[in-house]
Amino acid sequence: DTGVSQNPRHKITKRGQNVTFRCDPISEHNRLYWYRQTLGQGPEFLTYFQNEAQLEKSRLLSDRFSAERPKGSFSTLEIQRTEQGDSAMYLCASSFPGNQPQHFGDGTRLSIL
Amino acid sequence: SQQGEEDPQALSIQEGENATMNCSYKTSINNLQWYRQNSGRGLVHLILIRSNEREKHSGRLRVTLDTSKKSSSLLITASRAADTASYFCATDSLTGGGNKLTFGTGTQLKVEL
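Chains as they are written, first to last, in this note's numbering: chain V, 66 to 178; chain P, 7 to 119.
Hints were generated in silico from the structure; no laboratory data involved. Each residue gets a CB set at the ideal place from its N, CA and C atoms; glycine is no exception. Among the hints, erroneous ones may be present.
[Stated by the list, open to error] Cβ-Cβ distance ranges computed for the label pairs, FRET-style:
{"no.": "1", "chain 1": "P", "residue 1": "32", "chain 2": "V", "residue 2": "116", "range": "30 to 36 Å"}
{"no.": "2", "chain 1": "V", "residue 1": "120", "chain 2": "P", "residue 2": "14", "range": "32 to 38 Å"}
{"no.": "3", "chain 1": "P", "residue 1": "70", "chain 2": "V", "residue 2": "78", "range": "43 to 49 Å"}
{"no.": "4", "chain 1": "P", "residue 1": "60", "chain 2": "V", "residue 2": "77", "range": "44 to 50 Å"}
{"no.": "5", "chain 1": "V", "residue 1": "150", "chain 2": "P", "residue 2": "50", "range": "24 to 30 Å"}
{"no.": "6", "chain 1": "V", "residue 1": "139", "chain 2": "P", "residue 2": "26", "range": "38 to 44 Å"}
{"no.": "7", "chain 1": "P", "residue 1": "33", "chain 2": "V", "residue 2": "120", "range": "17 to 23 Å"}
{"no.": "8", "chain 1": "V", "residue 1": "91", "chain 2": "P", "residue 2": "26", "range": "27 to 33 Å"}
{"no.": "9", "chain 1": "P", "residue 1": "100", "chain 2": "V", "residue 2": "91", "range": "22 to 28 Å"}
Next up, chain V with everything else stripped away, as it sits in the complex:
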């Protein structure tokens, strides 16, 4: 299966700790997106990359959040000094540019104790 892969699937951590998630997109896709989804809501856009360039960041992405895509392939999302409100499912998607569907991974569920 060459779909979008996210690791870890679940992360439990204490408030104040740093966490890092990884996303491996579909290899041919040059666009990569991060979304956050809380219970009972639809996903909310966080940021996206075209190749290695981070082209847009949502206002939801506070300065505790940082995302990278160093070689235009996999991406990491780091949250520093986690807070209770960071508990959510973090979803990664990839696509070709233009009017194309986005393909999602199964997400990383973050729980803050």
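Once you've looked at the hints, dock chain P against the given chain V.
Using the frame of chain V, we list chain P on its own:
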């Protein structure tokens, strides 16, 4: 605020019946997409309809788009228990860049045997 709003929030039907879900949005769009999400999993792309299209079919799915009313509907015909999931519409806005998607809060569909 949510760009797409699905209606109804929850729908329960018997296997074999048709299910119709509606989505309204606020801004001009490049395209509108429908996704399915099973509990605890990522989103699965169902169908993409471009702003210059009015109707699209894929298997048991039929999507309509009315840009004058800023609304879309998803029809699932001859539903099966396996169709039980949350369904989201997502818009790719003309005013935004990078084809980032704005999701609604979803319709929870339950198909009973």
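Verification of the hints:
no.	hint	verdict
1	32/P / 116/V: 30 to 36 Å	31 Å, holds
2	120/V / 14/P: 32 to 38 Å	36 Å, holds
3	70/P / 78/V: 43 to 49 Å	44 Å, holds
4	60/P / 77/V: 44 to 50 Å	47 Å, holds
5	150/V / 50/P: 24 to 30 Å	28 Å, holds
6	139/V / 26/P: 38 to 44 Å	40 Å, holds
7	33/P / 120/V: 17 to 23 Å	20 Å, holds
8	91/V / 26/P: 27 to 33 Å	32 Å, holds
9	100/P / 91/V: 22 to 28 Å	26 Å, holds
The earlier numbered hints are all upheld by this structure, with none contradicted.
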